[in-house]
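K.L.:
Chain by chain, the residues run as shown.
2 protein chains.
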Amino acid sequence: MKKLRHYIDLSDKDRELLAELEERETAFTARKEIYTGGDDNDAIYVVKEGWLHSSTVLIDGRRQIVKIHHPGDIIGFPDIAYEHVTTNLVAAEDCVLCPFQKSALVEIFRNSTKITSLFFALALRDQCVLIDNIRVFSRMSSRERLSWFLLDLISRLRVTNPDLGDMMRLPLTQAEIGDAISLSNVYVSRAFTALTRYGFLERVDGKVRLTNERKMRELVDFVDRYREMDTSWFDASASKVKRA
Amino acid sequence: MKKLRHYIDLSDKDRELLAELEERETAFTARKEIYTGGDDNDAIYVVKEGWLHSSTVLIDGRRQIVKIHHPGDIIGFPDIAYEHVTTNLVAAEDCVLCPFQKSALVEIFRNSTKITSLFFALALRDQCVLIDNIRVFSRMSSRERLSWFLLDLISRLRVTNPDLGDMMRLPLTQAEIGDAISLSNVYVSRAFTALTRYGFLERVDGKVRLTNERKMRELVDFVDRYREMDTSWFDASASKVKRA
DNA sequence: CGCCTTCTTGAATATTATCAAAGAACGTGG
DNA sequence: CCACGTTCTTTGATAATATTCAAGAAGGCG
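Heads up: the sequence lines are chains S and G, in that order. Take the first sequence: its position 50, counted from the start at 1, is 50 in the working numbering, and no numbers get skipped. Take the second sequence: its position 132, counted from the start at 1, is 132 in the working numbering, and no numbers get skipped.
Hints in this document: simulated from the structure, not taken from any laboratory. Hints are all accurate, no fakes.
Keeping only pairs whose Cα atoms sit at most 20 Å apart, straight-line, the calculated SDA-like set for lysine to any residue is: (1) S/K32 <-> S/N88; (2) G/K102 <-> S/W233; (3) G/K102 <-> S/R125; (4) S/K102 <-> G/L122; (5) S/K32 <-> S/A92; (6) S/K102 <-> G/E228; (7) G/K215 <-> S/D60; (8) G/K102 <-> G/M1; (9) G/K102 <-> S/E228; (10) S/K207 <-> S/D94; (11) G/K102 <-> S/D230; (12) S/K102 <-> G/T231; (13) G/K102 <-> S/S232; (14) S/K48 <-> S/E33; (15) G/K3 <-> S/Y82; (16) G/K215 <-> S/I59; (17) G/K102 <-> S/L122; (18) S/K102 <-> S/T36; (19) S/K3 <-> G/Y82; (20) S/K3 <-> S/G72; (21) S/K102 <-> G/W233; (22) S/K102 <-> G/R125; (23) S/K215 <-> G/L58; (24) G/K215 <-> S/L58; (25) G/K102 <-> S/T231; (26) S/K102 <-> G/D230; (27) S/K215 <-> G/I59; (28) S/K102 <-> G/S232; (29) G/K48 <-> G/A30; (30) S/K215 <-> G/D60; (31) G/K3 <-> G/G72; (32) G/K32 <-> G/C98; (33) G/K48 <-> G/E20.
Per label pair, the in silico range of CB-to-CB distance: (34) G/E23 <-> S/T211: 54 to 62 Å; (35) G/R15 <-> S/K2: 39 to 47 Å; (36) G/G165 <-> S/D9: 49 to 57 Å; (37) S/E228 <-> G/E49: 34 to 42 Å.
Beta carbons are placed, not taken as given, at the ideal position from N, Cα and C, and that holds for glycine.
Model the full assembly from the supplied sequences, consistent with the hints where possible.
P.N.:
Structure (structure tokens):
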């Protein structure tokens, strides 16, 4: 998995372990509901192709999208702590997933303290990201929310694709974006036209180009949580555990 | 630590390890800023006495409180993944903390897979809690936000104090509560009077009594993430790691 | 070509923020 | 123990922001 190698070196054995997770493949068509909140959660997924999103539903029927998943992401981590899944998983477009059992994860925990530590670190990083999201999606204006959302997406894509540039595919409807950044679809549209008018972005057939990323980052005081992490502490931990 | 024993049994050795974390003690007076975003993060804290909160600051100077810390909580977990702390820690009242080094955590990771797994599970649980918070604080009405906030607090307090009943101390100003649930202090006040009028709560000198918790839970579709967790998977993991 | 979904734009409405001021509670020092 | 200053809470009025409803435009797909 390219995504993990971005953060640490992996031994051959580690790679073997991870490769096992990607043995099986299942394809899903766009809009397909893969699981629903309350289902038993025995499966975790690695994304091979396509975008998906996890969401929860409010009492009044509105939907809150919690995370957009890209190729290379692992889906279902937070749910490990509970018996039932807490979210709905939907394919935003046609996609391919590699499902594996919770128990396969245990296998990894048993055999590689390095990967365990990395998974731990990723869980902590995701906490920071969620904290950012609370700040952004409950306090900032519509234009700021959309800016953060786009910056967040492109930063994540750059982890696996450093040469991405200023343009990315955006296979999401405005209603979906709204569900992700806590806005109505109508206001997402207005935010898009506003940011376009400011000269911050351009839209060309399903793609978005950030034409003034620097200004956009300033606008929302953007922090990239994906590019770098402090891995020193668990390197130490890992090596020490190996000795023990 | 009572809080951890709620979830799993701890061996004598595990207890020793955890006791080491609580060796040193430092007292802080109310309103004291213990650390500020951007500081080097070498210290993690266990709360011995008093309430505190971690917050981030928006560009316009407003504050977003990310988490309220109670006795028994560990402060600073999400920041482990980064070199600098990402939040501000402030004492909401006079309190006593037990600081320890990141490296002491490594010591634990080395010596107890059980505690490691539990910490991992707690990190995943906190992710679920943060996801709940996004849903609540960015989508729900002021009264619903306040309801959720109070239910969340009392549920957490019950983990260490099962006989708590329907009443709890609330050593926070309305401005602080507002910063936590993304409302202005004025609107927190209005939400309080509204919930009082509905017969959901009473306030008596710094304490809150939830007079109709059942209805309050229904109102917001409350999910208690603290009472139970699925620990079976890492029990298995722990025992397997020990054999390895 | 026509249907369906998505996007855009306008108008009316709702919710919350902000500003302002008064009342209550609290702590401190005399 | 009281007076005073400070902080916190409450209430009212106004302003800002986003929602909802509705209708028309633009694409995509059969």
